[in-house]
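Engineer: Sequence:
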Amino acid sequence: MKKILVCILFILGLLPTESKAQKIAVKSNLLYDATTTMNLGLEVALARKWTLDIPVNYNPWKFDDTRLKHWGIQPELRYWFCESFNRTFIGLHAHYADFNVGGWPDWPFVSENMQNMRYQGRLYGGGISIGHSWILRKRWSIEASLGLGYARIVYEKYPCATCGTKLKDTGKNYLGPTKASVSLIYVIK
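Sequence positions in the sequence shown follow mature numbering (1 follows the signal peptide of the UniProt record, and there is no 0) and run -21 to -1, 1 to 168.
One should not assume that every hint holds.
Unchecked claim - Cross-link-like lysine to aspartate or glutamate pairs, in silico, EDC-like; alpha carbons within 16 Å at most: (1) 151 <-> 135; (2) 168 <-> 62; (3) 48 <-> 135; (4) 147 <-> 135; (5) 145 <-> 135; (6) 2 <-> 77; (7) 151 <-> 77.
Source of the hints: derived by calculation from the structure; they are not laboratory data.
My request is simple: use the sequences and hints to build the entire structure.
Structural biologist: This is the structure we're talking about:
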């Protein structure tokens, strides 16, 4: 985690700065909201076409035997093709999360493992993304983005959502979608 922060600070030091008033935006990812995950993002303009987005999410809930407990952070350096906070951007993101999930309902898109097992661990990695922001009003906008990348997932596997006897310690490498957002944004000037 310290390496990621040092890298972000180094990149920020390389970017040009302008004397214009700095823009700051706060945001909420509506996709996280749909999963009862509390989230808040802060995006800061670094230059006319550069911003740093820092979303944080947290889900402490346990519903009966279903767990979706996690917290995560996914800082992203963005380059906007038009100007900051307007239209299309590309981004470079890092991510870190701790999780404790399992015991999910018997729904068609949920695997048997997620229904009958519990997984506890962490993930970290990075990726690239593309997105677009639509201005709704003077300070309000909506943004959608998708990202692809890599994650290293290190976890412990348990036999059921509430059991405490560990079955194994393991890890996996993941390559695929690492980001999806539809965010409501309020720009503070």
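Engineer: Next pair to validate is residue 48 with residue 135; report whether the Cα-Cα distance is within 16 Å.
Structural biologist: 14 Å, holds
Engineer: Run the distance test for residue 147 versus residue 135: straight-line Cα separation, threshold 16 Å.
Structural biologist: It holds: about 6 Å lies between the C-alpha atoms, which stays within 16 Å.
Engineer: Verify the proposed pairing of residue 151 with residue 77, using a straight-line Cα cut of 16 Å.
Structural biologist: The given pair, whose Cα atoms are some 15 Å apart, holds under the 16 Å limit.
Engineer: For the pair we were handed, residue 151 and residue 135, check the Cα-Cα distance against 16 Å.
Structural biologist: Between residue 151 and residue 135 the Cα gap is close to 11 Å, so the pair holds against 16 Å.
Engineer: Is the hinted pair residue 2 and residue 77 satisfied, with a Cα-Cα distance of at most 16 Å?
Structural biologist: Violated: residue 2 and residue 77 sit about 31 Å apart, past 16 Å.
Engineer: For the pair we were handed, residue 145 and residue 135, check the Cα-Cα distance against 16 Å.
Structural biologist: 7 Å, holds
Engineer: Take the C-alpha atoms of residue 168 and residue 62, compute the straight-line distance between them, and say whether it is at most 16 Å.
Structural biologist: 15 Å, holds
Going through the hint list in order, the structure does not satisfy hint 6, though it satisfies all others.
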